[in-house]
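S.K.: So you can see what is in the structure, the chains are spelled out below.
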Amino acid sequence: MVVMMQRHMLHWRYRVWRGSGLGMEPSDKAVKEHPRLELSGITKAFPGVIANSDVSFKVAPGEIHALLGENGAGKSTLVKQIYGILKPDSGAIVWDGREVDVPSPHAARTLGIGMVFQHFSLFEAMTVLDNVALGMDDPGKDRAALAKRIREVSESYGLPLDPAREVHTLSVGERQRIEVVRCLLQSPRLLVMDEPTSVLTPQEVGKLFETLRKLKAEGCSILYISHKLNEIKELCDQATILRGGKVVAACDPREETARSMAQLMIGAEFRSVARREAGKGTGPIRMELKALSMAPEMAHGVPLKSINLSLRGGEILGIAGVAGNGQGDLLAAIAGERKAATPGAVIVDGKPVGRLGPAARRKLGLCTVPEERNGHGAVPDMSLTDNAMLSAHKRMGFMKGGFLDTAKARGFAAEVIKRFDVRTPGTETAAGSLSGGNLQKFIVGREILQKPEILVVAQPTWGVDAAAAATIQQALVDLAGTGSAILVISQDLDELLTLSDRIAVINAGQVSEAMPASTVSVEEIGLLMGGIHGTPEKGAA
Amino acid sequence: MNIDTILPMLLTVIAAATPLLLASIGELVTEKSGVLNLGVEGMMLVGAVIAFAVTVGSGSALLGIIAAAFAGITLSLVFGLLTLTLMANQVATGLALTIFGIGVSSLIGSSYIGTPVEKLGALSIPGISDLPVIGPLLFGHDILVYGSVAMTVLVAWFLKSSRAGLILRAVGESDLSAHSIGYDVIKVRYLAVMFGGLCSGIAGAYLSLSYTPMWVEGMTAGRGWIALALVAFASWRPWRVLGGAYIFGGVTILQLYLQGSGGIGIPSQVMNMLPYLATIIVLTVISAGPWRGRLDAPACLGKPFRPAS
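Protein sequences appear in the order of chains A and B. Sequential numbering from -5 applies to the first sequence in the numbering used here. Sequential numbering from 64 applies to the second sequence in the numbering used here.
Keep in mind that the hints were calculated from the coordinates and are not lab data. It is possible that part of the hints are untrue.
To be verified - Calculated lysine to any residue pairs in the SDA-like style (CA-CA distance at most 25 Å, straight line):
#1 Lys250/B with Ser98/A
#2 Lys250/B with Glu118/A
#3 Lys142/A with Ser224/B
#4 Lys223/B with Ala139/A
#5 Lys81/A with Ile249/B
#6 Lys223/B with Gly210/B
#7 Lys333/A with Thr347/B
#8 Lys142/A with Ala227/B
#9 Lys135/A with His242/B
#10 Lys135/A with Val216/B
#11 Lys142/A with Ser225/B
#12 Lys135/A with Lys250/B
#13 Lys223/B with Arg137/A
#14 Lys223/B with Val161/A
#15 Lys223/B with Met130/A
#16 Lys52/A with Gly213/A
#17 Lys81/A with Gly210/B
#18 Lys81/A with Gly190/B
#19 Lys366/B with Met120/A
#20 Lys227/A with Glu204/A
#21 Lys210/A with Pro55/A
#22 Lys223/B with Gly213/A
#23 Lys135/A with Thr148/B
#24 Lys142/A with Lys223/B
#25 Lys223/B with Ala138/A
#26 Lys81/A with Arg369/B
#27 Lys222/A with Pro55/A
#28 Lys208/A with Gly238/A
#29 Lys366/B with Met376/A
#30 Lys345/A with Thr276/A
#31 Lys223/B with Thr163/A
#32 Lys223/B with Ala141/A
Predicted model only: the values in this text are computed from it and were never measured.
Here chain B stands alone, though its shape is the one from the complex (with noise of 0.2 Å):
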């Protein structure tokens, strides 16, 4: 293989790493604030819809992103609504909320089947963008490559040195105690929740407007699923869910390489497999294993808090 051969793989590794990495990083701030959205892999068809559906009625490429990051939060805000104020379980509105936003964007969708949309235009700089290698690599992206990028530096930021981070993760960690000092729990995860939301939104924003511009039905394809076993799969860490999301993308990419040069005799689908098995693997390693101590799952995860007394 030479270097013509790998750049285009390389390219496609940031482009299917770069959904997986967006809708990872919110979950990953509402499962540290206490809540398990099963709903992501909803609430990205959503985004994916809506985004496709602006796009195409307005023009405007940025618009469709901005109503896919307002459809995936009022979806949240729905699953809020019902786990929060309503104290349902999470983890069956979480599912009920992907099901839901599966038929909900098939019916959007439906009129929109077969309709071609511009690819989102990527940020060039005149002269870096153009040179050998490099330029394509790191300098021709779309504003959601860089923005995903971008995003999880700013959650680990937030996350480690902000004090409002530092109070997401205590009510993560103890509702009850974040409580009786004096924090409304109830407001940091609806906040928590709605940015898992805007995350997801503009995750399917990504795949409907550049990973393939064009909507199809339930074109996510698991990928929400897979965010979320990444969220585990990184022991709730921004950097290692950053590294995550490119090695996941990458196992992706490579099982169609490998299935396009026929040169490797195991079958697609056992190739499909490897994120969830390699998600299992850690999760035993890291739960069962010496290193349990140091599973960073927040404690509170996917309890109901009830504030009574």
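Isolated chain A, as found in the complex (with noise of 0.2 Å):
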């Protein structure tokens, strides 16, 4: 006690000396000694669950760390403890050499830590300037003075904001700026970032990386998380890697490879997807989309305009996309669930199918994967049986003389997690129980194993760690193996050049012409895909 009382009071002596302006080599050098987060042995359960065991790591002062790990391998409980959001259980927080104890999200914004959440923690219905308020410990009487501020400061960073504007009429790299320039008004010290880049545009990556590394210059350390191995590659100097909520490797992310990093992840050897040769899916034509006009579902949505767009048996077609350009309506009008204004807007097979709803599509051989899982794509409180029941009764034919079959619904959800490797008790288990993406293999699967002519899948791998994406992935295009027609709608640009034989861009409601993918470029689709709202960022590249 008494000699950390003591190291705290040399240290701030040092500190004094410094601003005093005599520029004291050594005081640099003892600073310099701690690095500016240090973890040790941290520890965290939930019930039936140790989500963080004994994780140790320390991050240096203007150093990018980067924390790797599968999804469930703690990384996001991690940082929480970090911020303040959750208690460790056990173990220690050391912050510039000194212990501390973080209680609370403001406690940690006042020791310099700041922290831009995956899932934004924005408030829709207010401007930006109440935004970033309310991030803010104490942003000060003067809203004038906190708006010019923002403004300065956004533009010093190269992420301009208008401060008057509503949350929900910005485009969602936009949005991720408040939340990166309410930290940067609190000149934070060390940064946390939580899979920031998941929903941006290739450009918009670009500028994060900018302002990043600018921090990074100014001497404020950054813990980076991503599923992004090439990003970390790109931008880190350290990684340490969790699995099972334990850490298992560090290393120099600038001298692994990909590969190396995502076999440290999954503790396996991996297992990319096998990419088809080029020239396949020449097929007939299967579906198409003619002139498809729609109002949005959702206030604040953005309209189908006119979209024409042609898919062929067995090919693999993908619409890449910031999230909130029309997706969901898109998918929403090609499954059935919104009715198009003319019949001919959407043709399978020939037939005008416009005015048909889901289950009568289905029988057609449409099928289709939303995007959201619990809710959309299953209903969370059935069981897996009573989802696989639900969405394949008619092509499977699980009815009998009016009633349900069970037993044979039953067999199908089994040979669905058989074939997919669906972690999960049995199929009486409830779907809302099992992990994002166990159950994204297990809505994914059951919609595979109908043998669907047309297939219609959003964000297949949303969420979904890189071993169960590779599967779920290669399921596809085994699918369009068989010469079934597949539309992939997803963010995730690798993913769209990984699987496609054609990529389209959907922004603002319109879809652009469909590119061969091997000929296409990331920058060019990055332009394509713009923002919401937004026009193509030209010279932003």
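Can you join these two chains into the complex? Each is in its own frame, and there are hints to help.
M.R.: Right under this line is the structure:
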């Protein structure tokens, strides 16, 4: 205790000297000896799960430190403890060489820790100014002054923001800027970023990286969580890899390959998706959209504007785009959840189906996997058997004289579980109790095993870890190999480039011409993606 | 009609609007924090009977009003405990609270039926209050009439301009976001629910001490429900609540006058429907029409908040 206090006082005195302009060399050294953040033996358990077990690592001042791991490896739980949202069961958080207690986000901000959340912590109906003020402990009384600071700081870091705009009118990239600027206004010394690039266009990612490098140069440390290994290679100085809540490896990402890091993450040989030969997917046209237009279902949505698209048997067509550009309505229009104005707007195998409902279209062989798993793709409170019954009873014949053939449905659910390696206690488990990745495998598997003629999938591997993602992607490739036509709507460009024969881009409700995936560049797609309501930023790249 | 017939009519409109305004402004704050408390009617009734009993017992109307406020807060705390801490369904709990309030107020009030009480005195300013027309219209009311308008001003300022109001709106807009930034969602909601209880209790006190200075079983006569409808009618904005309360109050009085004059052959029941009908029409128009984006319902209204992870 006494030693700690002495050290603390010494530390404090050095800082005073530095502040008085004497520029003492040893003081800098003494400060630099301490890592900015050191975790030692952090353990956190939830009922039935140990989320973090004895996690220790250090982040140096001015270091960009990656935190890697599969879904459920405990990354988000760990950073929530650093930011004071959760309390560790045991272990210590050491900040600038001093053990600290972080009981609340407020305490974390006081120390100089800022956080950018994976699912943004924003308030849609409020202005940028209100959102920033809410995330600060002392925004001051003068709102005009705060608005001015927001403009200044956001522009100096190349992230321009208008403080008077309401959040729901902003693109996803601009929304993220709010979170970043909110942290920057409080001059953070450690910035925690939880999967910041999963929703950004390549150009926006580039801009964000510039900002992060600038922060690094100013001495701010960054703890960076991401699934995207190429980005980590490009940006980070150090990486700590978590598996099953434990630290299993540390590495310098610049000296690793994406593949070697993926193997460290999953702890096994990583099997990447077998790419198909080019020139496939020239079967007959199975589905066509002809001048499909539709008003948005949600307030603040964008309307679909005269979409033309054709999908051939045996091909995988990818639709790229930043979230909120009409993907949801497009999927609903194809699935039949929302009916088109005219029958001829959606054509399946030459038949106009624009006014038919989902069940009728399913019967014709058009199956869909929506983006939202719980509540749209599956009924969370019902068992896997019941969920299999709901979507597959027509195509798989689970009805006998008006009665449900539960045994048959259970057998089908069991097959999905087996074929797609769904980790679940059994077929009678409630869908909602599965982890996101496992439920996704089940839902995609359920549709694929119905042998659809046409499969439309939104975000097939969203929030799914590398191994599970590879399983799902391989299944899609195999299905296309049997002659089915597949449409993949995704925000993940890497995924689309891996899977697709052709790629189109949806922006502000309009779908571009589909381009062959083998010749198109990431930059081209990025420019087309632009942002919600925004125009593509031509000079950005 | 001349000024002598219109003036008493206007005065009764003010009297009819005041309890609606008090109860709605409290419920507005509760709902802005994301909590839907359907127990307004019950809290008003308990406030009315407690105010009456305490005033009769102590001889002080002020004590009665304070007691009614505390009675409202107590009931709202029961609601808070059930819905915020124990996460019971808000709609069911609110309905139960109203039914409970009806029962418990009858129980307490049974011995007070027929007991007289002095009407809450007007705050008069010598000279000004005696002015013709303006005097009685603007300066001849009791403390609760002025209090209700003052409360509206206060709430409007609080929600728009204070930091605490910003946090309250944020909690109602996205509880998860507010939690992750580090605000105590449950605490904010408790305070908002308690404010709603306080206002409902005082609204009840106004009924039994001023509007009709006596205790009658079920004397709120559905005003709690009108207050709830009024919040939605006003699209969760304090100034519109003020306007709405006076419109609804006006409609109530108008139908009494029309019945009395016997000139119009519309059944009184139809007139009684008007406030509800107006609410349904306004809600339908603003949620289905081209204005739907402007419907300002707090995004988390009625959703329980589970702070785990």
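S.K.: If a hint holds in the structure, say so; if it does not, say that too.
M.R.: Hints, verified against the model:
With a C-alpha separation of about 15 Å, the suggested pair Lys250/B and Ser98/A falls inside the 25 Å cut-off, and the hint holds. About 22 Å separates the Cα atoms of Lys250/B and Glu118/A, which keeps this hinted pair within 25 Å; it holds. Of the pairs offered as hints, the one joining Lys142/A and Ser224/B holds, with about 18 Å between alpha carbons and a cut-off of 25 Å not exceeded. Pair hint Lys223/B plus Ala139/A holds up; C-alpha atoms about 18 Å apart against a cutoff of 25 Å.
Taken as a hint, the Lys81/A and Ile249/B pair is honoured in the structure, with Cα atoms around 18 Å apart against an allowance of 25 Å. With a C-alpha separation of about 20 Å, the suggested pair Lys223/B and Gly210/B falls inside the 25 Å cut-off, and the hint holds. Distance hint between Lys333/A and Thr347/B is fulfilled; the C-alpha atoms sit about 23 Å from each other, no more than 25 Å. The straight-line distance between the Cα atoms of Lys142/A and Ala227/B is roughly 22 Å, inside the 25 Å bound, and the hint therefore holds.
For the hint pairing Lys135/A with His242/B, the CA-to-CA distance comes to about 23 Å; that is within 25 Å, so the pair holds. Taking the CA atoms of Lys135/A and Val216/B, the gap is about 20 Å. The hint holds against a cut of 25 Å. Proximity of Lys142/A to Ser225/B is assessed by CA-CA distance (about 19 Å); at most 25 Å being required, the pair is judged to hold. Of the supplied pair hints, the one linking Lys135/A and Lys250/B holds, its CA atoms being roughly 24 Å apart against a limit of 25 Å.
A hinted pair counts as satisfied when its Cα atoms are at most 25 Å apart, and Lys223/B with Arg137/A qualifies at roughly 12 Å. Proposed proximity of Lys223/B and Val161/A is supported: the alpha carbons are some 17 Å apart, at most 25 Å. Restraint check for Lys223/B and Met130/A: satisfied, since their Cα atoms lie roughly 18 Å apart, inside the 25 Å limit. Taking the CA atoms of Lys52/A and Gly213/A, the gap is near 15 Å; set against the 25 Å cutoff, the hint holds.
For a cut-off of 25 Å, the pair hint linking Lys81/A to Gly210/B is broken: about 45 Å separates their Cα positions. About 65 Å separates the Cα atoms of Lys81/A and Gly190/B, which puts this hinted pair outside 25 Å; it is violated. Restraint check for Lys366/B and Met120/A: satisfied, since their Cα atoms lie roughly 19 Å apart, inside the 25 Å limit. A threshold of 25 Å between alpha carbons decides the hint, and for Lys227/A with Glu204/A the separation of about 15 Å falls inside it, so the pair holds.
Restraint check for Lys210/A and Pro55/A: satisfied, since their Cα atoms lie roughly 8 Å apart, inside the 25 Å limit. Distance hint between Lys223/B and Gly213/A is unfulfilled; the C-alpha atoms sit about 38 Å from each other, more than 25 Å. A C-alpha spacing of about 33 Å is found between Lys135/A and Thr148/B, which places the hinted pair above 25 Å, so the restraint is violated. Between the alpha carbons of Lys142/A and Lys223/B the distance comes to roughly 20 Å, so the proposed pair stays at or under 25 Å and holds.
This hinted pair checks out: Lys223/B and Ala138/A have alpha carbons roughly 15 Å apart, not beyond 25 Å. Between the alpha carbons of Lys81/A and Arg369/B the distance comes to roughly 17 Å, so the proposed pair stays at or under 25 Å and holds. Distance hint between Lys222/A and Pro55/A is fulfilled; the C-alpha atoms sit about 24 Å from each other, no more than 25 Å. Distance check on the hinted pair: Lys208/A and Gly238/A sit about 33 Å apart at the alpha-carbon level, beyond 25 Å; violated.
This hinted pair checks out: Lys366/B and Met376/A have alpha carbons roughly 21 Å apart, not beyond 25 Å. With a CA separation close to 20 Å, the supplied pair Lys345/A and Thr276/A stays within the 25 Å bound. Between Lys223/B and Thr163/A the CA atoms are separated by roughly 21 Å; this keeps the pair inside 25 Å, and the hint holds. Distance hint between Lys223/B and Ala141/A is fulfilled; the C-alpha atoms sit about 17 Å from each other, no more than 25 Å.
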